[in-house]
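Dock chain B against chain A, hints included.
The listed protein sequences derive, respectively, from chains A and B.
Residue 76 in the working numbering sits at position 76 of the first sequence, with consecutive numbering throughout.
Residue 209 in the working numbering sits at position 209 of the second sequence, with consecutive numbering throughout.
If you are wondering where the hints come from, they were derived from the structure by calculation, not from laboratory data.
Because the structure is a prediction, the values reported are computed rather than measured.
No residue lacks a Cβ here, since even glycine has one placed at the ideal position from N, Cα and C.
Take these hints with a grain of salt, some might be off.
Stated by the list, open to error - Selected chain A positions facing chain B (in silico; Cβ < 8 Å): (1) A36; (2) F45; (3) W62; (4) W130; (5) R157.
Unchecked claim - To list a few chain A residues with every Cβ distance to chain B over 10 Å, as calculated: (6) F17; (7) A34; (8) H58; (9) E59; (10) G65; (11) E123; (12) G143; (13) S145; (14) A161; (15) A166.
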Amino acid sequence: MSEPPDHRRRTRHDALFADHHDAVWRYAVRRVGAAAAEDIVADTFLIAWRRIDAVPGHELPWLFGVARNVIANQRRGQRRQERLTARLAQEFEVAHEDLRRDPDVPAEAMRGALDALSEPDLEALRLVYWDGLAPADAARALGCSAVAMRVRLHRARRRLARALAAAGFSADEDARTTHLTPTEA
Amino acid sequence: MPTYPNLDPFIAADPAAGREPTAETRDAVRARLDALLASEPAARTRPSPRRRRAFALGGLAALTSVVAIAALSLTGDATSPAQAFAARLQGDGVVHMVLAHERTHDVSGDGVNPRQDELWMSLADGTWRVRTRLYGFVSDMAFDGRSITNYSSRTGKTTTDTPTDPSSLAGHPFPGPNSPGVLPLGDVESARLKVAGETTINGETVYDLVPTRALPQGFELHWYVSKDGQLRRMVQSAADTIDEARGTRGPSSLTTDVESYDVLAPTDANRALLRVPSAPR
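Next comes chain A alone, as it looks inside the complex:
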């Protein structure tokens, strides 16, 4: 006798959480800081539960894509909340928190260099060099083609190297391959 569908889904979701919680947590820490990461991770796995039948076999890039949308939604909601709260506060005296971000994301010294990059370029670099995804998996997380990701990565590497040099970091464009050449999938 086969397992009931709900039990099967629950088992798969539990395994998904056990296998990928840490990676999704680190993904969130890299983008919103440790203080906000817990909520991002919980909401990501909530969506994974809602769409458990649609989760592909190669799970992590898909989860990163969900987490990316959760963060984007929360940022949009935060901006609206700040505006709306200011308006409603006149009548309701709504007490609201200072929506401060973690001061260590990213490290202070890197901010100038990273600000020179567009968000799509920076996200491509984060996925490959921080999250450890192969370019093809990074493409899945971002919902673009593998070819587009390779082009974006190439462009982003050059721009970041220039920005790092401008920010005072050593940025020789030499043939460095150690841990800078993620596996091509």
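Frame of chain A; chain B shown alone:
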């Protein structure tokens, strides 16, 4: 072998490099996720066209039954909300509520504010405690009938204030003169709120309570409350909000669902929940 520019400084700047979530972090996420899952229906599946047709026919039959039951209940229920409330929630237990994330709605779309509140209130004397989590920080505030103690994890400090009119705070942990009490049907009894109608939330018939006095500037409040007096949803809205940053104007609102609402027994351990702990988390 392809060559790449030296990105070592970027790699070294990885804020999560070498970091692992602690067991406490993992447990906190799991607890948060379990609370969210508890209010979820089963995962969505897409049935086959044949099953969808069967569901549609079944849904029509169910809808017919619901209409019939609703008609019966409307004709047979002569108890007023205030009377129903008075007959319930007697005693001196501790109301415990967990609120979902606030949802925001305006002309530019919908959003979610990751703030989450949990609160406790004594039915015996209206003292209360509200713990708010936002971006990993905790604000823990308790009213003991005379003063308010407030702990903030951001500053690590605990402060105490003595309000000029403490009696007005008893039973009303939500800020603002027009906010509901934890027992909104009690506000109907005291004529602060009135029943504007009924609707359904997650299949449950609830009262739509609004303030008895009109609010200025097109503001509206709707507290949706179950027949036995449990707050289910709070909606605050403004008919005409001007967003100067985007150059838009139109209606906007904040919606907060109550994830859980229960009454704890009046034990010493449960009464202790009304106080800010010495080491809050």
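Going down the list of hints, with the structure as the test:
no.: 1; hint: A36; verdict: holds (4 Å)
no.: 2; hint: F45; verdict: holds (5 Å)
no.: 3; hint: W62; verdict: violated (15 Å)
no.: 4; hint: W130; verdict: holds (4 Å)
no.: 5; hint: R157; verdict: holds (5 Å)
no.: 6; hint: F17; verdict: violated (7 Å)
no.: 7; hint: A34; verdict: violated (7 Å)
no.: 8; hint: H58; verdict: holds (20 Å)
no.: 9; hint: E59; verdict: holds (15 Å)
no.: 10; hint: G65; verdict: holds (18 Å)
no.: 11; hint: E123; verdict: holds (13 Å)
no.: 12; hint: G143; verdict: holds (20 Å)
no.: 13; hint: S145; verdict: holds (19 Å)
no.: 14; hint: A161; verdict: violated (3 Å)
no.: 15; hint: A166; verdict: holds (12 Å)
Violated hints for the displayed structure, listed by number in ascending order: 3, 6, 7 and 14.
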